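Listed in order, the protein sequences are those of chains A, B, C and D. Note that my numbering has the first sequence beginning at 18, numbered continuously upward. Note that my numbering has the second sequence beginning at 18, numbered continuously upward. Note that my numbering has the third sequence beginning at -1, numbered continuously upward. Note that my numbering has the fourth sequence beginning at -1, numbered continuously upward.
Hints are computed from structural coordinates only; laboratory data are not their basis. Treat the numbers as computed from the prediction; the structure is a model and nothing was measured. Yeah, the Cβ is synthetic: ideal placement off N, Cα and C, and Gly gets one too. Among the clues, some could well be false.
To be verified - Covered stretches of chain B, as calculated for chain D (at least 3 residues, CB under 8 angstroms):
hint	region
1	141 to 147
2	345 to 353
As the list claims (entries may be wrong) - Some chain C residues near chain B, calculated using beta-carbon distances under 10 angstroms:
hint	residue
3	A48
4	L200
5	V201
6	R204
7	Q276
8	A277
9	G338
10	I347
11	M351
12	T360
13	G368
The residues making up each chain are set out below.
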Amino acid sequence: MDETAALAEFRAETRAWLEANCPEEMRQPVRSDSDICWGGRRFVFSSPAQKLWLERMATRGWTVPEWPRAYGGGGLSKEEARVLAQEMRRIRARPPLSSFGIWMLGPALLRYGSEAQKAEHLPKIARGEIRWCQGYSEPGAGSDLASLRTSAVLEGDHFIVNGQKVWTSYADRADWIFCLVRTEPDAPKHLGISFLLFDMESPGVSTAPIRLISGSSPFCQTFFDNVRVPRANLVGERGRGWEIAKYLLTHEREMIGGMDSGAAEGRDGLAQVAKRALGLGEDGRLPDSMLRTDVIRQEIDSWAFALTMERVKDEAKAGQGVGALSSMLKYYGTELNKRRMELMMSLQGTEGLLWEGEDREGDLARAWLRSRANSIEGGTSEVQLNIIAKTMLRLPAA
Amino acid sequence: MDETAALAEFRAETRAWLEANCPEEMRQPVRSDSDICWGGRRFVFSSPAQKLWLERMATRGWTVPEWPRAYGGGGLSKEEARVLAQEMRRIRARPPLSSFGIWMLGPALLRYGSEAQKAEHLPKIARGEIRWCQGYSEPGAGSDLASLRTSAVLEGDHFIVNGQKVWTSYADRADWIFCLVRTEPDAPKHLGISFLLFDMESPGVSTAPIRLISGSSPFCQTFFDNVRVPRANLVGERGRGWEIAKYLLTHEREMIGGMDSGAAEGRDGLAQVAKRALGLGEDGRLPDSMLRTDVIRQEIDSWAFALTMERVKDEAKAGQGVGALSSMLKYYGTELNKRRMELMMSLQGTEGLLWEGEDREGDLARAWLRSRANSIEGGTSEVQLNIIAKTMLRLPAA
Amino acid sequence: MALVLTDDERMIRDSAEGFFAEHAPVAELRRLRDSRDPHGFDRALWARMAEMGFAGVAIPEAHGGAGLGMVAAGLIQEAIGRNLSLTPFLSTSILSATLLAKGGTAEQKAALLPRIAAAEIVVALAADEAPRHAPAHIGTRAHASGNGFRLTGTKPFVLDGHVADRLIVAARTSGADSEPAGITLFLVDPKAEGVRVERRSLVDSRNAARVTLEGVQVDGADVLGAVGEGFALLEAALDAGRACLAAEMLGVADRSFALTTEYLRTREQFGRPIGSFQALQHRAAHLFCELELAKSVTLKALRALDEGDSRSAIFASLAKAKVGEVARLATNEAVQMHGGIGMTDDADIGFYMKRARAAAETFGDSAFHGDRIACLMRY
Amino acid sequence: MALVLTDDERMIRDSAEGFFAEHAPVAELRRLRDSRDPHGFDRALWARMAEMGFAGVAIPEAHGGAGLGMVAAGLIQEAIGRNLSLTPFLSTSILSATLLAKGGTAEQKAALLPRIAAAEIVVALAADEAPRHAPAHIGTRAHASGNGFRLTGTKPFVLDGHVADRLIVAARTSGADSEPAGITLFLVDPKAEGVRVERRSLVDSRNAARVTLEGVQVDGADVLGAVGEGFALLEAALDAGRACLAAEMLGVADRSFALTTEYLRTREQFGRPIGSFQALQHRAAHLFCELELAKSVTLKALRALDEGDSRSAIFASLAKAKVGEVARLATNEAVQMHGGIGMTDDADIGFYMKRARAAAETFGDSAFHGDRIACLMRY
């Protein structure tokens, strides 16, 4: 398709600017967690280049290209944003900033926040000054998120928050939390929920990391003991937080679902891994015929899934989308990724079992274990199937 | 294990009698439907030998070896009956009589029937004089059998039966029917059902065969229009027929579940079929590696299932059974058999698609289509899984 | 090009769906089957398909066709699958038309393509010899004779062979029985001496024929493409056929899924619609996802053929393999969820299961195409 | 013999279950892991296993064992799986004891078997060299030297190698790297010159070692079995190990299933126990059936070994292949049904998933054994 002249000009300018401003070090693939810039009050940059790159991009508003300029964004159109993304990929530029503020809270604030809330929080997100975490799940409320019990009782100009959250990603490193609380204990369960923002340094907030089966601890339990939150930090209407929560969940779902792309470009395909692990027989085929069968089936499904992501995007662009397919992508993508990791483990045999030791031993086993959470976090596979049955297939409620 | 002297003597006598009395023609494998003796008023024997074999066996009560002699049975112990079965297998003797009366109604009458009912019906079943069919399912009541609506209203000494049954096997050839009817329309649904016997020649009974996707019509719809059934033909208590029905269903389930035995002796294994269809490669393996994988997995499961049937039987004998596993055998066996037939079709490629024509063309496709009913008839796979979840796993009701 | 239908393509889809639903629904399949129709399809329908531009959809306009390409052809075939319509579209308008358009001489094209577009003739491909698809496995021999060849061999499964006005026969002019090199394609008149055609009926009520060739004389003008180099041409046509079969299976699967979800919403058991049972809901929801994948691979395969993508063989195999499995799952689940009703000949759903199986076995099943993908990707 | 446990075997099963539940439950695995115990198991437990007759369960009474055979051994290993107990039972009491009992000289048996039965020593098998099990793939070389051999090679994955008092090393005295012929087994002292042992930790908190042999001198008396004919002996021991691993995986799967159904009965979401959701009920019911199959193949494999059944290799592979898949399904479903809790290190269920995976990869996974069954059945 031909690009409009304006867009072509934007592309040329962008390319030139990126060439001039993206530090060489920031053009390398992300190799470890410390290469990711999360921002926040307590963030320690892993290099001067990482800091410089964030500052330069934030100055242009390009950490959040499509947000309005008034809130620290780049004010770009969808097409311009796509061009920027393409040009960044071209030079393999790293994302200047990764943040739940950008992915989740920002879009919700843009839609549901008051003017004061937008002005207060969005620029700090855009500049990576405040790192956010998400207070949704509770010990008794997993898939059944709406049964949450953390309470927020209004006393004068403050909500007094008491309760406990689990699965708060990086709560121990976050500055602020966006949090679902129950403000109307007597309302029907979906209608008593509100959406609050507060500082993690508020008195009464404490966190404890959760150790996972993979050995790492990206999640915390978070406890609230009479935490005082200014009433002005309520987003949207009181008792209407469930709507905002659902809006956020849809974003999260699409993010998680997109993780499998076995046959997609840029990533080492399963077949390549199999070839390295097993070699090829004289007939040019992988020598273990049962494993080869499983690899083939996995590759077929991965490819079909990648094409489906492409088609869904193209249909959305063309205005032909059949509606929210995020549950489908989330369910299928995560199940696929789990199968892929199982196969990766099978291909490596006993070497895949190694846990600690020299070099990167244990990486594969950890990634395998990590993948098991994909079909649980952000709404379990079972919840996604329920949603599909109800919204896409219009099957009657149980 | 050593056989007791008495059992050894019984074996010797049985062997001698069978040798002397089983016609040579009755020692051939069953090749077509006409080789099966169903008995009944209108049955036409396919050969004098078939008739003779039935008469001789019936005279000894060996069409129903374990039934009491008083009702036309052989009065054998479990051990003697096993010896008889072994000796019949030894000379490949055909069953002298196949009948729903033997498999289903007989055991139920022995347990629930009145003395008069036993004396009236059991000897005729044993001698193959009366052929029975089963009136259970109705158009609106498939898996939910207990919601049946065929009514039986008592008027004086007769029930007046009105309604409709479906899936009545061979109703068009049967002499009598054992039938579930609703006698208490106001009772809770499981408590209003009664178990009636009546003659298919009664005025008001009519049948219409159902054509299946396989082209054959073993089943009928059966209609009852003011059929008068003597009150004495009620089996067990009025309103307690559901218990009898369940007892029968367990028998049926075990019969259907046992149909897969891919790796069992005596039947051509799937691997053999695959070898004939595909040949072997130079490495001694089937040349199509994906199909070979599927064949291997199917053979593993078939073998594991056959061993499970063996273990369940052995445990029952040893008094160690964990309870009714009939739902497990029914569910798994039928699903396995469906997969097996799919693979058989794949192995034959386009030849498997042939429908009518020379020789036995169409046999495979018909058998494949027939296999699809296995997981529906006698309680669907879904119903069996419900039963397992409830009775074996004690999971809470929905 | 974006992986989405253009406005033109959506119009074709809608008009094809309307056409087959009106003129060739499942009831028509039933009628043709039960009357044991000697042709196994309705010639009037075939003629109407010419009027609609369907018969020549993939034939260049220069030869009387619509020149719309494979995406359009696939949409027609999808509508055929949705309605289980009986037509010689696949054999004639896809396989034979592709072979002629890509490999034919000017004379051959002029003689045959306009007549296909006009639905005046049926042309059938007589290639496969093994029950399990193996396109290079050609044992039929063509020996040089006079200014042409004499053909001898048996083709046990020629789609629409019993009604074909012309056959395209793959025979071996050199090489061993399963070598790609040495295969040559010939145009053969089924009425020629030495040709025997026996109709064979199939489980899905389509028809095929066993074609036996006993020293059938053809001359040099009957050679289609280059002598000994027919395999590449054959594969190109087969890939078009495979992509269209994927589209047909997609139609079969999608329609049987729609019939099933409708049944789930209305059929009651245990006092509630069976679609309210969560175990069935989850299976249906999973199937929904599989169908979405099937749609994507089908469109990609057709698009790749139109674009001359160097990976179009891979995409054709991807579509045939994936959609074959999805259609099998969809129709099996459909019959199971329909319960006893699904086993009766009165219900339409069984026809979908039969067709899904037959289409999956035609020109390579999922095992064949999975292996082909891996070989093309070198593993 | 009937496919059912005898009264004696049921007593062994109950006593093994009681023993490991009391002395080596999951909490003990946690303790050993978190304290980074240098042995990776509790020597006191191992000594108690001798008192119970477990350490020598499969060793003939003449050599100080209980002489109870493989069904008994499998029941012990099943209890080990159920409790995830850490012991050198598999390496020492099954693999090494089988090799010594079947292939050892009178002197070797007298020297080692009673000490194994008494749990005084740990003996480890150093055979596999490839990450994916390939028992004939032995590259370690044994060159004649003096009145014995010099061994050179690397064994990257020797179970319990870090605590072994004696190693049984498979090395090649002749033949090519992946030929069955030419393999010889040797008894090697891990303290001998040229032996290097490096501990490697595993995902399931078991331990293995990389054993490197650099010109390690052994003499003729250290040869176990006949020179060059070690493969058959090795396979016999491996089949015993595979059947016992199937038993262990059965214990793992069965216990994780029990934990899961218990969780389904008690955990509430949406105002009701999650076990009341039909989709989960059906998955659990299916798993129940798979577990029944797993029980049957395991018992058959063990029984066949005790009876010297000519098909015992097939049954060992059948059990390893089938139970491996069932254990994978059972533990995956267990983690999924436990939801977020299942992903935490605090919950036991993750340990079962890790062990199921590790046991499945050891001595051949389902792909390996599926292929082996087919090859043994000649297809």
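### Task
For the hint on I347 (chain C), just tell me whether its beta-carbon gets within less than 10 angstroms of chain B.
For I347 (chain C), the interface hint holds, since the closest Cβ of chain B sits about 9 angstroms away, which is under 10 angstroms.
### Query
How about L200 (chain C): closest beta carbon in chain B under 10 angstroms, or not?
holds (5 angstroms)
### Message
Interface hint check: Q276 (chain C), Cβ to nearest Cβ on chain B, cutoff 10 angstroms. Holds or violated?
### Response
holds (8 angstroms)
### Query
Should the hint that A48 (chain C) touches chain B count as held when the rule is a Cβ pair under 10 angstroms?
violated (29 angstroms)
### Query
Against chain B, is G338 (chain C) within 10 angstroms by beta-carbon distance?
holds (6 angstroms)
### Restraint check, 10 angstroms cut-off on beta carbons, for A277 (chain C) near chain B
Hint holds; A277 (chain C) Cβ to chain B Cβ min 6 angstroms, cut 10 angstroms.
### Message
Holds or violated: the hint that T360 (chain C) contacts chain B, with Cβ atoms closer than 10 angstroms.
### Response
holds (7 angstroms)
### Query
Is the interface hint for M351 (chain C) satisfied, with its Cβ closer than 10 angstroms to some Cβ of chain B?
Nearest chain B Cβ about 8 angstroms off; hint holds.
### Message
Interface hint check: G368 (chain C), Cβ to nearest Cβ on chain B, cutoff 10 angstroms. Holds or violated?
### Response
holds (5 angstroms)
### Task
Please count how many residues of the region 345 to 353 of chain B have a CB within 8 angstroms of a CB from chain D and say whether that reaches 3.
With 3 residues in contact (Cβ-Cβ under 8 angstroms with chain D), the coverage given for the region 345 to 353 of chain B holds.
### Task
With a C-beta cutoff of 8 angstroms, work out whether three or more residues of the region 141 to 147 of chain B approach chain D closely enough for the coverage to hold.
n = 0 at 8 angstroms, threshold three: violated.
### Agreement of hint R204 (chain C) with chain B interface, Cβ distance less than 10 angstroms
holds (8 angstroms)
The structure is inconsistent with the numbered hints 1, 3, although it conforms to all the rest.
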